[in-house]
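S.K.: The primary structure of each chain is shown beneath.
There are 4 protein chains.
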Amino acid sequence: MIKVAIIGGSGYTGGELIRLLANHPKVEISAVTSRQHQNIPIYKIHPHLREMELKFVDLKPSSVDADIVFTATPHGASMKIVPEFLELGSKVIDLSGDYRFRDFSVYEKWYGLDHTAPLNAVYGLPEIYREEIKGANLIANPGCFPTGGILATLPLSKKKIVDRVVLDSKTGVTGGGIKPSKSFHFPNISDNVNPYKITTHRHTAEIQQELNEFHKVKVSFTAHLVPVIRGILTTSHSFRMNDDLNLSNEELNKIYKKEYLNEPFVKVLEIGEIPRLSSVRGSNYVHIGGFEVDETGRIVVISAIDNLVKGASGQAIQNMNLMCGFEENESINHFGLHP
Amino acid sequence: MIKVAIIGGSGYTGGELIRLLANHPKVEISAVTSRQHQNIPIYKIHPHLREMELKFVDLKPSSVDADIVFTATPHGASMKIVPEFLELGSKVIDLSGDYRFRDFSVYEKWYGLDHTAPLNAVYGLPEIYREEIKGANLIANPGCFPTGGILATLPLSKKKIVDRVVLDSKTGVTGGGIKPSKSFHFPNISDNVNPYKITTHRHTAEIQQELNEFHKVKVSFTAHLVPVIRGILTTSHSFRMNDDLNLSNEELNKIYKKEYLNEPFVKVLEIGEIPRLSSVRGSNYVHIGGFEVDETGRIVVISAIDNLVKGASGQAIQNMNLMCGFEENESINHFGLHP
Amino acid sequence: MIKVAIIGGSGYTGGELIRLLANHPKVEISAVTSRQHQNIPIYKIHPHLREMELKFVDLKPSSVDADIVFTATPHGASMKIVPEFLELGSKVIDLSGDYRFRDFSVYEKWYGLDHTAPLNAVYGLPEIYREEIKGANLIANPGCFPTGGILATLPLSKKKIVDRVVLDSKTGVTGGGIKPSKSFHFPNISDNVNPYKITTHRHTAEIQQELNEFHKVKVSFTAHLVPVIRGILTTSHSFRMNDDLNLSNEELNKIYKKEYLNEPFVKVLEIGEIPRLSSVRGSNYVHIGGFEVDETGRIVVISAIDNLVKGASGQAIQNMNLMCGFEENESINHFGLHP
Amino acid sequence: MIKVAIIGGSGYTGGELIRLLANHPKVEISAVTSRQHQNIPIYKIHPHLREMELKFVDLKPSSVDADIVFTATPHGASMKIVPEFLELGSKVIDLSGDYRFRDFSVYEKWYGLDHTAPLNAVYGLPEIYREEIKGANLIANPGCFPTGGILATLPLSKKKIVDRVVLDSKTGVTGGGIKPSKSFHFPNISDNVNPYKITTHRHTAEIQQELNEFHKVKVSFTAHLVPVIRGILTTSHSFRMNDDLNLSNEELNKIYKKEYLNEPFVKVLEIGEIPRLSSVRGSNYVHIGGFEVDETGRIVVISAIDNLVKGASGQAIQNMNLMCGFEENESINHFGLHP
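Chains as they are written, first to last, in my numbering: chain W, 8 to 346; chain A, 8 to 346; chain D, 8 to 346; chain R, 8 to 346.
One thing to keep in mind: the hints can contain errors.
Note that identical chains are pooled: a pair holds if it fits in a single copy or bridges any two copies.
Below, simulated SDA-like cross-link-like pairs (lysine to any residue); rule was C-alpha separation at most 25 Å, straight line [what the hints assert, rightly or not]:
hint: 1; residue 1: Lys189; residue 2: His82
hint: 2; residue 1: Lys264; residue 2: Leu56
hint: 3; residue 1: Lys116; residue 2: Glu220
hint: 4; residue 1: Lys223; residue 2: Met248
hint: 5; residue 1: Lys87; residue 2: Ile278
hint: 6; residue 1: Lys274; residue 2: Ser190
hint: 7; residue 1: Lys274; residue 2: Gln45
hint: 8; residue 1: Lys261; residue 2: Asp170
hint: 9; residue 1: Lys67; residue 2: Gln43
hint: 10; residue 1: Lys204; residue 2: Arg109
hint: 11; residue 1: Lys265; residue 2: Glu60
hint: 12; residue 1: Lys33; residue 2: His222
hint: 13; residue 1: Lys225; residue 2: Glu335
hint: 14; residue 1: Lys204; residue 2: Ala84
hint: 15; residue 1: Lys204; residue 2: Pro271
hint: 16; residue 1: Lys264; residue 2: Glu60
hint: 17; residue 1: Lys189; residue 2: Val64
Because the hints were derived from the structure by calculation, they are not lab data.
Excised from the complex, chain W in its bound form (with noise of 0.2 Å):
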């Protein structure tokens, strides 16, 4: 039985990882915490959680009693907690995109602040780091587009098929988190699609960082807000690097399946099979499908994520279990809800 704690509970992925935390064999949750919302009780906020006592604490990290710290908070307030909490001996999970950039110098750029506490951690994809995430001290969690897209063109990448990729997402509201804005009003989303910082989204830097290291790949990338609480949808459109090179669509699902064989959250689909949200809604699964070359040598392949579990708090609770050496995919394993 291990303690962890939640450092800034009160948003989507903070109740996120209470609800699926609280079926957790192994974990006791001993503390969820809120500036705003001390002493209120978590279904308050988090209406499905009703049968949880707990309640949102205000406490200073050397107050927190935890083996394993949840940093759900703001890109820019992690970096001020998280040293103190690995210095108290607990290892981080952190949520924020602080410490996703081996060159902190790209983080200042894309993300428009200084770093003012840099640290080592381990990128926590596990399906390029397992190994390294399980003995690692601080983890930074992947961004919600950055799941999707690396894992739709990983392979590619990996076997230096392409060198171009546009990656075309479609995402749920919820990735804009749980504060109300003129963007999330209902009125202005509900039977429309907003395209939103169709060159200019930091999570590019992140794609390009993962993409790139394997071989060199132009990533361009385009988020499209739809009507839909969970998910993201990301169209992978990759081209050859060479024009002679014949892919057929069976090679290309046959470089997948191999890719993901033992990997416990990838289901590689047939070909002629499509992913979509629903199959993955609320679980820790992605479905990668598509799997097309068409008469331009385009390459197409589509992933589908939740991106509140396996683009935050499920990819977050799956590298503690990695860290811990509990069951991969204990306390996730349950199903998407379709329809």
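Since the structure of chain W is already known, use the hints to place chains A, D and R on it.
M.R.: Positioned in the frame of chain W, the structure of chains A, D and R alone reads:
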């Protein structure tokens, strides 16, 4: 470890039974039948169940090996197979309307069918019939609207406070089943509200039967399709028998709290808290709230359920747990999926 | 050609007034005011009005040049400017609640405000007050729920058939205005139903006032937010005064057909036809249908309106047309947008 | 005053033709045909058209009295009737794919049908072929995706700036027609994203034909169903032929402004403004925006249309107006319905 079979597993309630039973530690699914989809992997129909190795089979009752049989068959079809399963020694939980009426002439009137195989069954609403369920061989699993409507009004009938109730329900579209039709065509449902069967819905009779078990209450019921996938929110407007009776919001709330004190799945909210569908989405919980009496003496109580879980498959599993002596909430104790 | 001004043009009702007046052959928009957005092109706030060359202005009443002034200002704000516009010689159509009550103490009770400028106004529901509207200087444009609720029940009150009505309304989110809030945050509304102010909504008093003009009727009202952009569907459940009165569906339908025979915007459906929001989306029409009496004597009639058109700006223009002697349906005679 | 007939009026495009033509001052609808719904009032199928006195008829071409015939028939069906209407002296605007290809072998390849009645037609995109349309007897009304995709990319093809484009479209469900199917069943579409025909959509060939008229461009196209009723948002990702070419966002925007300067229905947004579906909902407008070039040289331009209006029936009326010498925007000059 018991064996269960799901007869008619290609619809939404079949899919939910599989999803929920998949992690039940004391249950093995021995067969999921579908005439139409024989030999097809179940994930081809239920795309979120990709992990399950099961295929649909087409079996005669005598070839089914099961301690508990769930008949997720349409009304009219269930009565043709239920007797045989009982004779073969299985216990049956029927999700159709065929065995919900103690007076079969009521069934024949509202369903417009001759009942060819009347049998004694227990109405599977544990909040009323828990003890009877434990010893039953045949459970008539309640309808979705009756589950929400009865639970929202039962304490007022038991206390003989009201003699008339209007149940105005707003339901998700999965209540209409997996089969496409004009009524469930996306452009007809989205951004729309569609009332239907406004005074003639069959579930009216089922609600009448149960509420009148305690006290004579005139029951009116109207259903509305709203652009929601899952869930039924029922607004129970009821009227005091005696206009002189003074009933405060607090007294009203107290009556419900007392009634449902030990119920594992019924959560009685505080005054000022309002149920909503997302709080129970995907879960077996019922949230009951509202608890206001207006100036005209109308009493408002509101219930929220997931029509496919507490309104169908989750409740069926709750009944199974009771019949088999398992923990009542085994495999159905997870929280709702909010947001 | 008349000049009209829209005071408070940056909200949804302001946007609708502009959209609908843009093609009115006898109207010139002389000013659209907004303190907050002064000098900004209106299409920056109302992106569908890109063609309009108008900019928001910030004007004192005395600088407004208009035969008709639409005050699309919040309650409490209207009473501060309406008297001045009237003194300056403009006629005023007020879209707030400030002038809807003939008894100002009712206003003060339900709105919790002192009324600092009581004036005689005509309640702008042409189906009741057409002749009074023609000669009025000040119109109190009805609320959205009252428009749908009154029209669905009025004939039964006039005929003294019922003495109690429960109005259960399902409303689109634009009824809550253009300002983002937690209640209208997409993840809280989508795939959900949210009841609110279940016995305390201000519109209750407005409906009471008008229905009781003809006959004493106890009015109960509950509003529910559904995941819809525009539209209010109101289910009117009413009860006969006299249980012995026999009322067939056909007689019920006939009463409504007779009442609304010459109304240009009220369409009485046939028995068996059910109103739905999409039939009137974006239009000034009201569809009324249902017309069933159930076994308990409950009468069900259902109305569908677009809350921003017949429920606000379209009705305001209908009133303007009547006041100015224009064709009553000028510029508001287009059909709904289905699908 | 001209007479028009709508052949195949029971689908969505038929309904839109009627809605939009109803207020056209120079057009009389002489017949709306439907074999299936003969003699039924059109409002039974198109519930928003309740005011129209029209009934569906079933007529042979020789019995149709019309100056302009709109064939809103499926592909394969149009070619069987279009020649006869032309021989009878009517002009025809065909909304199917049957006459969109100048090379009929391309049609036969992509549609998998023999073309039994090839005829010269003008491709009815006024932004390219306005002058030809004016004198045409047979118009091939463009597909919905091609309308949005071509207009978003045309200036780059004309200027010979790009040689490869990926069009990633997000479409509303009405594009799939009025007929229910599993793909358009509400629970499969709502809160979901469904890619389809990811490299094999017929509209690819239509886009290729038009863009390649000006310059050789490799066209890739993928469609995604989003939970939207109407509208297509197309993200055009294109790539410069020459990596040395420096193209700023401002230059890009300028090229589009110049190209569409005098177009009545194409609105070129400013840099920083993003098109969205609601701005054009229900209207014939096209909004084009985005106009960003990213670090990898990818050019992003985004278009928004209503698939049933500019993508079908509105454009057909625009073509009719041109053919008959009416004002080009007669009866299609209303704004979008936002929110």
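S.K.: For each hint, tell me whether it holds in the structure or not.
M.R.: Hint check results:
{"no.": "1", "hint": "Lys189 <-> His82", "in the structure": "both (21 Å within a copy, 23 Å between copies)"}
{"no.": "2", "hint": "Lys264 <-> Leu56", "in the structure": "between (38 Å within a copy, 19 Å between copies)"}
{"no.": "3", "hint": "Lys116 <-> Glu220", "in the structure": "within (19 Å within a copy, 42 Å between copies)"}
{"no.": "4", "hint": "Lys223 <-> Met248", "in the structure": "both (10 Å within a copy, 20 Å between copies)"}
{"no.": "5", "hint": "Lys87 <-> Ile278", "in the structure": "neither (47 Å within a copy, 36 Å between copies)"}
{"no.": "6", "hint": "Lys274 <-> Ser190", "in the structure": "between (33 Å within a copy, 22 Å between copies)"}
{"no.": "7", "hint": "Lys274 <-> Gln45", "in the structure": "between (41 Å within a copy, 24 Å between copies)"}
{"no.": "8", "hint": "Lys261 <-> Asp170", "in the structure": "within (20 Å within a copy, 30 Å between copies)"}
{"no.": "9", "hint": "Lys67 <-> Gln43", "in the structure": "within (14 Å within a copy, 41 Å between copies)"}
{"no.": "10", "hint": "Lys204 <-> Arg109", "in the structure": "within (23 Å within a copy, 39 Å between copies)"}
{"no.": "11", "hint": "Lys265 <-> Glu60", "in the structure": "between (45 Å within a copy, 20 Å between copies)"}
{"no.": "12", "hint": "Lys33 <-> His222", "in the structure": "neither (40 Å within a copy, 49 Å between copies)"}
{"no.": "13", "hint": "Lys225 <-> Glu335", "in the structure": "neither (33 Å within a copy, 45 Å between copies)"}
{"no.": "14", "hint": "Lys204 <-> Ala84", "in the structure": "within (23 Å within a copy, 38 Å between copies)"}
{"no.": "15", "hint": "Lys204 <-> Pro271", "in the structure": "neither (33 Å within a copy, 29 Å between copies)"}
{"no.": "16", "hint": "Lys264 <-> Glu60", "in the structure": "between (44 Å within a copy, 18 Å between copies)"}
{"no.": "17", "hint": "Lys189 <-> Val64", "in the structure": "between (30 Å within a copy, 22 Å between copies)"}
Comparing the model with each numbered hint stated earlier shows that hints 5, 12, 13 and 15 do not hold.
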